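Protein chains in written order, with the working numbering: chain A, 1 to 579; chain B, 1 to 367.
Keep in mind that the hints are not guaranteed to be accurate.
What the hints assert, rightly or not - Listed next, with one range per pair, are the computed distances between beta-carbon atoms: (1) K166/B - F200/A: 20 to 28 Å; (2) T484/A - S177/B: 35 to 43 Å; (3) D180/B - V321/A: 48 to 56 Å.
To be verified - Chain B side only, calculated, beta carbon under 10 Å to chain A, not exhaustive: (4) V19; (5) F22; (6) G60; (7) S78; (8) G82; (9) I84; (10) D86; (11) Y99; (12) H104; (13) M105; (14) K166; (15) S168; (16) R193.
Simulated from the structure, these hints should not be mistaken for lab results. Keep in mind that this is a model prediction, so the values were computed, not measured. Glycine included, every Cβ here is placed at the ideal spot set by N, Cα and C.
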Amino acid sequence: MTSHALVSGRAPLLRANRVLPLVLSVVIALLVAAPLVKILLATLTPDGLQAWTTVLASPLSANLWWRPLLTTMLLGLGVAAGCLLVGGFLAWLVTLTDLPGRGLVATLSTLPFMIPSFAGALAWGTLFRNERLGGSPGFFQANGFDVPDWLAWGLAPTMIVLIAHYFSLAYTIIAAALSSVGADLIEAGQVAGARRGRIFFGIVLPVVTPALIAAASLTFAGAVANFAAPALLGLPVRMQTLSTRLFGMIETGETERGFVLALLLIAVSAALLFFSDRLVAGRKAFTTVTGKGGRIKRFPLGAWRWPLFAVALVIGLATSVLPVLVLAASSLAPQGGALFSNWTLHFWIGEGGDALAQGQAGLFRNPMIVEALWNTLKLGLTVALTTMLLGLALAYTIVRNKGTWLAAVLSQLAFLPLLVPSIAFAAAYIALFGAPIGPLPSLYGTFALLVLAATAHNLPYAVQSGRSVLGQISNDIEESARLTGAGLLTRLVFIIFPLTIRGLLAGAILVFVKMVRDLSLVVLLFTATSPVLSMVAYRYASEGFMQFANAITLVILLICLAASLAAHLIQTRVQKWKQ
Amino acid sequence: MAPASTAPAQDAIRISQLVKRFGDVSAVKDVNISVPRGAFLVLVGPSGCGKSTLLRMLAGLEEPSAGEIAFVGRTVSSGTGGVIADAGARDAGLVFQSYALWPHMTVAGNIAWPLKVARWSKADRNARVDEVLALLGISALRDRYPAEISGGQQQRVAIARTIAPKPSILLFDEPLSNLDAKLRIEMRSELMRIHRATGATSVYVTHDQVEAMTMASHVAVLNHGRVEQFGAPIDLLRRPTTTFVASFLGTPPANLLPVTRVQDRFVFADVALAPAAFAAGHERAQLLYRAQDIAVGRVGDGHQLVGRFAEAAPIAGQSMVTVMVGDLRLTGMAEGFFTATPGDEVGLSFSSTPDAAFTMEGERIDP
């Protein structure tokens with residue numbers, strides 16, 4: 001190998017290295033920065049300033065801002081507290097005790113996050129809906145239980161549904177932290193003479209505090225940004241959160257007010273994430289000091305083993321299996337009150353024109369729904385592809401230019417969407433692309449706009465998985481292949497491709513799942529002419545066709561579960577050689 | 001050979017007929033050891049020999065399956081009563097291999113917490129923390145977090161935390177195994193200084209026979225859960241009772257030659273080594289030769305074996321020369337720096353009598 005060959009082999013790469021960051025900077029500026037700047041600018045016009053006044057300081061502001069803010073904060077606090085309790089309790093049981101069936105409980109505890117929150121909300125409605133709003137009553141009401149309003153509608157059910165969805169996020173974070181508390185740390189406390197309670201409050205709890213704060217802030221931000229649950233369970237009784245208010249404003253044409261609310265929602269959510277990040281950063285981010293480690297100390301539960309197992313099992317089943325069963329039964333039952341009788345496949349494959357469902361045809365005979373299914377799959381696949389490509393390119397550029405201001409700016413911008421609730425992000429896209437820009441037509445309502453917005457919003461995850469994928473190929477690995485005399489093509493095929501493809505696929509599948517079950521981003525950006533499944537389900541639910549809504553949700557669920565399973569299989573195969 | 005022990009009640013640690021079973025596997029089998037106050041007992045053996053399990057039973061972290069442990073005459077654990085005195089209530093401190101520093105507490109916090117648990121007053125706590133920090137020479141680190149200090153410093157903090165409540169028994173679980181070679185030698189003398197300064201009885205687990213020989217007042221060599229031999233380090237070196245002890249202890253390792261009796265001599269590879277009377281009544285035996293009893297090259301008219309040179313290492317002006325005779329590795333000594341090419345023929349001359357003889361099963365044969 002001569003130095004000449006090396007230089008000539010590297011020259012085009014060097015040139016590419018200069019072009020790529022430029023292109024990426026422009027792309028990311030357009031995708032992330034421009035919409036956010038534009039939505040801010042849109043509220044600084046005379047109309048926009050008027051909207052600020054209306055929202056914040058006018059007779060209307062109690063309804064537009066203060067009450068939704070209060071509801072949103074209550075919801076966020078309640079969900080964060082509930083998730084910490086439920087997720088933390090399950091994580092403790094699974095990682096630090098001798099609970100029977102720990103594997104089963106662990107699996108059940110991670111499932112609910114795979115189930116979209118509107119599935120939970122729909123299942124809740126199917127069971128607990130009462131007669132206050134007319135329509136067919138839910139299962140309990142129809143079978144003689146008098147469901148009070150507070151349990152059927154509003155804050156309490158929204159909170160419960162969101163806890164049932166987000167607790168698995170808290171569980172994952174807390175379980176990871178607890179399993180890093182080595183047996184030695186606890187035994188060192190025992191040798192010092194400390195009792196169980198003292199060890200728990202003096203050692204275990206402080207060590208996992210950063211994880212608790214992270215779990216609380218992420219679930220809080222998730223609840224604050226959620227649209228589906230408050231829309232389905234709160235809107236019918238006029239309970240407004242910031243995200244439903246924002247949706248309502250834009251739907252009714254009060255665009256500037258909607259933009260103002262979007263900015264305020266971003267401020268609330270970003271401030272919280274920012275401060276919680278500061279709280280756990282620096283010295284307080286405890287790294288467990290360990291030489292051997294890995295061994296876990298399990299507390300014996302004694303007589304409580306089986307009762308606690310039963311509690312954990314009930315929580316797991318009620319949040320993952322039960323909603324699916326309820327949705328499935330409901331999609332087969334003509335009467336919402338009689339979930340388990342007169343089952344019919346009408347809502348799936350029935351021909352229209354008979355007495356059921358006001359003469360509408362079944363799911364798979366309705367061309368609009370079949371089109372929505374294809375749209376959904378197309379959207380998921382397209383966004384998975386674009387996001388992973390962009391994410392990989394960004395990750396590569398950030399890693400290669402480490403330490404430069406360019407890398408710093410790119411990585412800050414790429415992670416910015418994490419702080420922006422998706423419905424507010426959608427509003428920003430409307431602000432930028434809702435009107436024609438120069439010769440370019442308005443993109444509002446097009447598939448392209450949704451792909452752009454979704455790509456930008458999923459960038460943080462894509463860059464993260466791009467980084468971990470690139471981490472699989474160290475320079476040493478590439479160089480050792482080069483020393484054997486392998487050319488670029490050989491290296492690509494035999495070294496780089498096998499090392500990265502699985503990680504990329506797993507990342508792409510996760511983006512796909514996020515898109516297929518997403519409602520809060522598409523609800524503002526899609527129009528009735530080219531709908532996706534989640535939108536159709538939401539619309540059916542608003543119109544009271546619960547069976548159709550539930551059936552479509554079930555389809556979404558099945559797609560998500562199949563994709564998650566595929567991701568899981570791929571991921572375990574990725575780590576096969578690490579065992 | 002048991003060290004001189006006075007009345008049982010006076011023993012700081014007394015382990016009798018101790019057994020630990022995990023399911024069908026016996027990790028510790030019928031262990032009997034007692035040491036007086038102030039002793040430095042080293043439990044040494046290859047990994048998986050049960051030494052850490054034994055230490056964890058001493059600490060009260062594992063229950064014995066049978067037998068008994070008594071500290072200063074007080075039974076703290078037994079096969080019938082389980083853990084009678086809790087880990088925290090047996091006046092013992094444990095230094096973990098991983099150090100087990102609590103990552104959310106500063107150095108001073110780590111040292112003070114056990115004192116807080118033991119309800120020391122604040123003033124006493126502060127004074128004691130200052131005292132042990134000074135004893136270990138880490139006063140400057142008092143407000144750092146464990147993640148912010150080096151491995152050697154973490155080790156010192158772990159020791160400081162353990163000795164702070166003034167336990168009368170100190171337990172060490174391979175405390176030096178995560179340190180680099182130079183630091184390890186430094187900490188070795190540091191630990192012995194602390195042992196003397198605290199006046200405690202120490203039990204120290206290691207797989208490193210050099211640590212065992214340099215630090216111990218008493219050594220127990222463990223193998224497959226059993227005590228192969230227990231005694232003072234010098235006694236174990238001088239009179240190993242099994243081939244396992246003979247080959248495990250000492251640098252360079254002792255040589256064991258399997259021999260067969262031919263008329264009135266024991267013979268290895270056609271070379272007559274020792275008179276048959278050396279292990280009377282045995283047809284076959286293993287003869288123990290120290291490296292210093294095997295000279296490289298022909299010396300006088302001694303018994304000579306020829307093998308192939310494998311490696312040489314200089315040690316204190318001499319060379320430790322390892323030669324392969326068939327599949328057997330034999331180590332002898334040569335004056336000055338010995339050099340040869342691997343595979344060269346090298347002669348080994350044996351002194352007239354071996355150091356000891358063992359049966360083929362490894363038991364010592366006393367002539």
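Inset, instruction - Grab the minimum C-beta distance from D86/B to chain A and call the hint holds if it beats 10 Å, violated otherwise. - result: Holds, about 7 Å.
Quick check on S168/B please, does its C-beta sit within 10 Å of some C-beta on chain A?
14 Å, violated
Does the nearest C-beta of chain A fall within a distance shorter than 10 Å of the C-beta of G60/B?
Nearest chain A Cβ about 8 Å off; hint holds.
Should the hint that V19/B touches chain A count as held when the rule is a Cβ pair under 10 Å?
22 Å, violated
**Interface restraint verdict for I84/B against chain A (beta-carbon cut-off 10 Å)** = 15 Å, violated
Can you verify the interface hint for M105/B: is its Cβ closer than 10 Å to any Cβ in chain A?
8 Å, holds
Honestly, do T484/A and S177/B meet the 35 to 43 Å range at C-beta?
Roughly 37 Å apart at Cβ, these two residues keep to the hinted range, so it holds.
Hinted contact S78/B with chain A - closest CB pair below 10 Å = 19 Å, violated
Open item on the list: Less than 10 Å between beta-carbons is the criterion; does K166/B satisfy it with respect to chain A?
Closed with: Check failed: Cβ of K166/B comes no nearer than 13 Å to chain A, outside 10 Å.
**Request:** Please verify that hint: R193/B, Cβ, nearest Cβ of chain A, below 10 Å or not.
**Result:** 23 Å, violated
Handout entry: Whether the CB-CB distance between K166/B and F200/A falls inside 20 to 28 Å
Key = 27 Å, holds
query: Against chain A, is F22/B within 10 Å by beta-carbon distance?
result: Since the shortest Cβ distance to chain A is 14 Å, the answer is violated.
When the structure is compared with the earlier hints, violations turn up for hints 4, 5, 7, 8, 9, 14, 15 and 16 and for no others.
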